[in-house]
Every structure is written in C-alpha cells, then in structure tokens.
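S.K.: Here are the chains, one letter per residue:
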Amino acid sequence: MTAEITTEKARIGAPSIAGFTEEGEGLVSAKVDHSHNHGVTVMSSRAERLTSFDVADFALPTGREEEWRFSPVRGLANLLSDTATDLDPDPAAAFTVDAPEGYVRTPLAHGAAPRGTVLTPADRAAVVASANTDEALHVVIPAEAEPAEPLRILVHGAGAGRRSNAHYVLEAGANSRSVVILEHTGAADHNGNLEVIVGEGAKLTVISVQLWEDDAKHLAQHDAQVGKDAVYKHIAVSLGGSIVRLNSNVRFAGEGAEAELLGLYFADAGQHLEHRSFVDHNVANCKSNVLYKGALQGKNAHTVWVGDVLIQKQALGTDSYEKNQNLVLTDGCRADSVPNLEIETGLIEGAGHASSTGRFDDEHLFYLMARGIPEEVARRLVVRGFLNEIIQQIKVPALEERLTEAVERELAATEN
Amino acid sequence: MSTLEIKDLHVSIDTEQGTKEILKGVSLTVRTGETHAIMGPNGSGKSTLASTIAGHPRYKVTGGTITLDGEDVLAMSVDERARAGLFLAMQYPVEVPGVTMTNFLRTAKTAIDGQAPALRTWTKDVKAAMQQLRIDADFAQRNVNEGFSGGEKKRVEILQLELFKPKFAVLDETDSGLDVDALKIVSEGVNRAHAEGNMGTMLITHYTRILRYIKPEFVHVFVDGQIVEEGGPELADRLEEEGYDRYATGAGAATIAAAAAAAQA
Chain X
1 MTAEITTEKA
11 RIGAPSIAGF
21 TEEGEGLVSA
31 KVDHSHNHGV
41 TVMSSRAERL
51 TSFDVADFAL
61 PTGREEEWRF
71 SPVRGLANLL
81 SDTATDLDPD
91 PAAAFTVDAP
101 EGYVRTPLAH
111 GAAPRGTVLT
121 PADRAAVVAS
131 ANTDEALHVV
141 IPAEAEPAEP
151 LRILVHGAGA
161 GRRSNAHYVL
171 EAGANSRSVV
181 ILEHTGAADH
191 NGNLEVIVGE
201 GAKLTVISVQ
211 LWEDDAKHLA
221 QHDAQVGKDA
231 VYKHIAVSLG
241 GSIVRLNSNV
251 RFAGEGAEAE
261 LLGLYFADAG
271 QHLEHRSFVD
281 HNVANCKSNV
291 LYKGALQGKN
301 AHTVWVGDVL
311 IQKQALGTDS
321 YEKNQNLVLT
331 DGCRADSVPN
341 LEIETGLIEG
351 AGHASSTGRF
361 DDEHLFYLMA
371 RGIPEEVARR
381 LVVRGFLNEI
391 IQQIKVPALE
401 ERLTEAVERE
411 LAATEN
Chain H
1001 MSTLEIKDLH
1011 VSIDTEQGTK
1021 EILKGVSLTV
1031 RTGETHAIMG
1041 PNGSGKSTLA
1051 STIAGHPRYK
1061 VTGGTITLDG
1071 EDVLAMSVDE
1081 RARAGLFLAM
1091 QYPVEVPGVT
1101 MTNFLRTAKT
1111 AIDGQAPALR
1121 TWTKDVKAAM
1131 QQLRIDADFA
1141 QRNVNEGFSG
1151 GEKKRVEILQ
1161 LELFKPKFAV
1171 LDETDSGLDV
1181 DALKIVSEGV
1191 NRAHAEGNMG
1201 TMLITHYTRI
1211 LRYIKPEFVH
1221 VFVDGQIVEE
1231 GGPELADRLE
1241 EEGYDRYATG
1251 AGAATIAAAA
1261 AAAQA
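Line order of the protein sequences matches chains X and H.
Here this note's numbering is used: the first residue of the first sequence is 1, the next is one more, and so on.
Here this note's numbering is used: the first residue of the second sequence is 1001, the next is one more, and so on.
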C-alpha cells in the first residue's frame, strides 16, 4: 500500500503544470479518505524511519530511496562521503557568532549532553556531518532572558567544492524569548546540523537563511524539541546555492506547545532547492502549522517540498495544518510537492493539508496589464505578494528588507 | 468628449488548422455618453472584437484601424491602452495568485492615473463601491478572483469599472452566468459609471435580458464577423421576439447585410 501511494504522489510534481491545479490536494485527500473509510490507520512509516549516530548504518543513497528520490544525489557525492572538514589553507567555512556575553558555551564533544539528546541523524548527510564534527557549537539563551537583538550565527563558505561539517546545539532556557538567525553566504559543500531545545514556556524563532553563491551546496538537518507551553518557529529561506536540502523536524516535550515551520524559496535555472518538514505530534494538546511557499523560474529550476505530519495515538487534542504553494513563473521548471498526513487518533482538533502549484502565465499578465499595470510591475506584484506572506513572519525589519531585495534581484533576473 | 473609432477591422487567430479570420471588416464608432449594444449568436466574433480592442495577444489584426481620439490604439501595448482610457470587463476574469484585491486595485489605479490615489479617500471609495455592488468587505483581503464565484467575478469587474473611470468600457458578456439579482446589481453599477457622463459603453451580449436594465441608444447585430444590421433599441426588442435565426449564414445573411448597408447609406 505504501508503495502504491508513493507512486501516486509522485505525479503531484509532474512537470506539466498548466494553470492552477489542486491535483496534490485531491490525491492526498483520496489517501486520507481511504484510510478513514476503512477504519485503518495509515502506516506509521515516518516514525519508523532509521536514525543513528553510526555512519555505517546509512549506505550511500542511490536516489531511489524514498527520502532521496527527488534529490540530485550524483551532485552530492562530496557531501555524502564520510569526510572531515577541509582545513587547508583555512576552514572551508568560517563561523562567526554574534550573541550576548556568556551565551556561547564550551563546545560539545560527541555524546556530551545535551548534544545528541534531540537530534539523531536521520540520513546519510546528517550522520556524516555529525560524525565529522568533534566540537559542536553550544549556545544557551538563559532562562527568562529576552535579548534585545537577534543572535546571529554567520556561516561563510570559503570556496566552492570545499567540504565543511557543522553541528550546532541551541538551547532556549525556560520562559526566554529570542530570535536566532543562522545565515549562510559564500560557497562551500556545507553539511550542517542544528539541534534545538526549547525550554518550558520559551519562545524561540530560528531563521535559517541560505544566501549562498551560485556554486554552493548545502545539506542540513534541523531538529527541535519544544517544551511545555513553548512556542517554536523555524523559518527556512533558500534563495542561493546550486543544491540546498534542508530538513526541518520538530517534536514536543510537553503539552500546550506550538510549532510553526515556515519556508520560502526561489529557484532559478538549474537550481535544486529541497525542503522537508516533519512534525511529530508525540504529545497531546500541541499545535503545529507548516507553510512553505516557493517561486520557480528558468530551465531546470527544481523545488521539492515533502511535508510529513504524524499524529500519534497519544496526541489527543492535536491541531495541525500544513500547506505548500508554488508559483511557476516560466516554462521548464519542476515543483514537487508531497504532503503526508498520518493520523493515529481521531480525537483531535484538526489536521489539514493543502498543496497547490500555480502558474503565472500570459493570461494573468494580460489581466493585470489590461488594468494599466506595466508588465514588469505585474510580475513583481504577483511574486512579491505571494512570497510576502512568509517574509512578514520574520519580524526582523533589517532581515525582511534584505530578503525583499534579494527576491527583487531574483525577479530582475527573470526579465533578462 | 472622446471618440473610439473602429474602421474596417479584420482579425485572425492561429488555430491548429491554420489561420482563421474571425472579424471580416467591422466598423463602429462610439462617443462619450453613448451606449452601444453589440448582439449576436455564439461564435459570431463579438468577444474577439472586445479582446482585440484590449489588445489580447491571441488576436492578430490583419487590416483596419482602431483609434481613440485619433490616437492609434493598435500601436499601444495592453497596459498603454488601459492607461489611455479603455476598459474591458472580461467574460472570464482570471484568478491571479498572490495578489490581494486591495493591492491590485491600488496598483492599477496608480498606473492608470499616473499617481497614487490619496489613501484616505481611496479606501473610502473602494469600500463604498464594494458596498453598492454587494461585495463582501473581506474580498479586499482575498487574492484577485481566487475562489470567487462566477457572479462575484463579474461584480468585481464592474467594481473596477467604477473605480478606474475609463473613457470607454467594453463589457464582454458581463450578463452571462448572473441570476436576476446579480444582473440588476451589476447593471446598476454600469449605469452609475455611465451617469457620470464621461464614458462611452460597448455592451456585448447574446441575450436581451440585460437590456432591460441598461438602455442602449444603438444596437448592432453581429453575425459571422460582421455587423449585419444596425438600429435603435427597437432592434433589440425584435431580436428578443425573433432570435437570430433570420440572420442564418449563407445567402440570406448576405441579403440582410446588403439591406443593412443600404439602410445605413
């Protein structure tokens, strides 16, 4: 049954995207209805996926595996190999941490808690990153703290093709309120894990920004555990890089917690931008919302979103929603969109999902121009409006402005 | 006082079977304050005329002219035509993802007027116009036409007509798909815009029922890409009784066309 569903879902991302289709929605509804009608729970395959700290447990992917089938694995050989960070003549990626005094702690060795308590590598990329990072950056936002400025971790790649491994551990103390920006620039083959522990009642926003140069490659696993009554927001913004694949996962440590996983991506010709999200409702009375929005333009621009939500048997009162929307601006692009919803209990507040891939085509353009709007303005209007829903969630004005400008630059490239 | 003049217009489209001529020499003049009804059976080319005036890229003008106060409309891009004062209320308004009605209306108004409207009065104007057309206030925050019903889309077209204040409005089967109540609301909107005295109207329709609410001074019957008969409102009454059968294509149509031409002369 699982294999059958998989084949069916693959069609959601079929390259022919004429007009506005809700094909994904229909197919997935069919899947959910199917399980409901027969009173059978969808197999909890997502929960059973292998996680391990041992590199040997993960074979090199061939591209046929469920979790790699959309990825250009051939271009990822360097990133998937069990290789140390390139330090010659300098580290392949430079790290700068901008945080209040005392927040940055002594780095964590393998097995030194809290490292490894939340993030266990779930694929080959994450396991080699973990194995090849002997000292993990450890940042702690003290309990009750409310730093006035966002914390920043800047990762700057020193050269395309140079291998870099990283593992960061981020703890938000109980009842703290903070924003952490993880920013990637330059170029490298960067493999980065982020492990986040959100304490009770804390409010933490993590914004991972991929403003890489064109020849950078980046694989990432970001795992968070959200404490009782805590609020966690993860925003992935991927604009640069030739291949970016970021998996944002979350689970809960207590009731009353909320998680919001957001994403924005803009793929140009030849770019592969992949985002996977997984919300594991393992605790009762928690809330989650997933929204990823992407724009695509140019030949072989490829985006992937796979959104998994698992509502476990004990997670009564869960309220969850996930949605992916793509806007295709030119011919020759491909947007894959796969929402997966597994529900093991009916006693929930809500579990919704939606996926749509729309096309900005000549008819849209004609309509807007027929109202006096010049072509260039029309195009911007559509894309800006579409992506703004995510940008305005960032709530760091300087970063919002930078990202708006970056999106404008992407758009300017369309017009040439 | 403005004049929209269409002279001997020939228009073709590319089909899989090759180029097909849809308009075969159409001449029509509309002046400020006038309402012209263009009536005809399906497939007669009425909508082609509307889309050609707006500049839809699908329609290729192979002969003739369209001028607005002497300016060559055919030389203008689609957005230039709108800014020059032409407005097409579309038969099938498209859904535009990602753009809210509010944002869209303001951007279009700014483009048409060459300057941003004063925010306070603009917001008030939009609200009032929406109310008169019985459009829910929450539509302002929804994306353009996204998830609107057929009737809602038509009302939103007329909302734009009222807000943008064009010199000439071409209403392409605005009545289709509307129930009686919606038809009345939409017609009232057109009449309000017309009553301001600065607009000429081309009302394209298959049926006569909208003519109960919007009164044309001129009626043109369109068959097979040509105007075959012209007259006053009484012609519409006759069409209501007799339908288009007597314009059946072939020899009869040619005779009627000749008669119409003679009557005009």
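Any given hint could be a false lead.
Said to hold, decoys possible - Label pairs and their computed distance ranges (CB to CB):
hint : chain 1 : residue 1 : chain 2 : residue 2 : range
1    : X       : Pro72     : H       : Val1180   : 23 to 29 Å
2    : X       : Glu149    : H       : Arg1120   : 35 to 41 Å
3    : H       : Leu1074   : X       : Glu389    : 37 to 43 Å
4    : X       : Thr330    : H       : Leu1074   : 49 to 55 Å
5    : H       : Asp1136   : X       : Glu149    : 54 to 60 Å
6    : H       : Glu1016   : X       : Gly75     : 47 to 53 Å
7    : H       : Asn1191   : X       : Pro397    : 44 to 50 Å
8    : X       : Ala143    : H       : Gly1147   : 21 to 27 Å
9    : H       : Gly1177   : X       : Arg409    : 38 to 44 Å
10   : H       : Glu1217   : X       : Glu408    : 57 to 63 Å
To be verified - Covered stretches of chain H (chain X as the covering partner; in silico rule of three or more C-beta atoms under 8 Å from a C-beta of chain X):
hint : stretch
11   : 1078-1085
12   : 1125-1138
Quick caveat, the hints were computed from the structure, so don't treat them as lab data.
Beta carbons: idealized from backbone N, C-alpha and C, even for Gly.
S.K.: For each hint, tell me whether it holds in the structure or not.
M.R.: Hint-by-hint comparison with the structure:
1. Take Pro72 (chain X) and Val1180 (chain H): their Cβ atoms lie about 58 Å apart, and the range 23 to 29 Å is violated.
2. The hinted window of 35 to 41 Å between Glu149 (chain X) and Arg1120 (chain H) holds, with their beta carbons roughly 36 Å apart.
3. Evaluation of the 37 to 43 Å hint for Leu1074 (chain H) and Glu389 (chain X) yields a pass: the beta carbon distance comes to about 40 Å.
4. Take Thr330 (chain X) and Leu1074 (chain H): their Cβ atoms lie about 28 Å apart, and the range 49 to 55 Å is violated.
5. Under the hint 54 to 60 Å, the C-beta atoms of Asp1136 (chain H) and Glu149 (chain X), about 42 Å apart, miss the expected range.
6. Roughly 40 Å separates the CB atoms of Glu1016 (chain H) and Gly75 (chain X), a value that falls outside the hinted 47 to 53 Å.
7. Take Asn1191 (chain H) and Pro397 (chain X): their Cβ atoms lie about 47 Å apart, and the range 44 to 50 Å holds.
8. For the pair Ala143 (chain X) and Gly1147 (chain H), the beta carbons lie near 46 Å from each other, so the given range of 21 to 27 Å is not met.
9. As the Cβ distance of Gly1177 (chain H) to Arg409 (chain X) is approximately 42 Å, the hint placing it in 38 to 44 Å holds.
10. Separation of Glu1217 (chain H) from Glu408 (chain X) is about 49 Å and departs from the stated range, judged on CB atoms against 57 to 63 Å.
11. Only residues whose beta carbon comes within less than 8 Å of a beta carbon in chain X count, and the stretch 1078-1085 of chain H has 5; three or more means the coverage holds.
12. Using a Cβ-Cβ cut-off of 8 Å, 0 residues of the stretch 1125-1138 of chain H lie near chain X, which falls short of the minimum of three, so the contact claim is violated.
Against the hints set out earlier in the document, violations occur for numbers 1, 4, 5, 6, 8, 10, 12.
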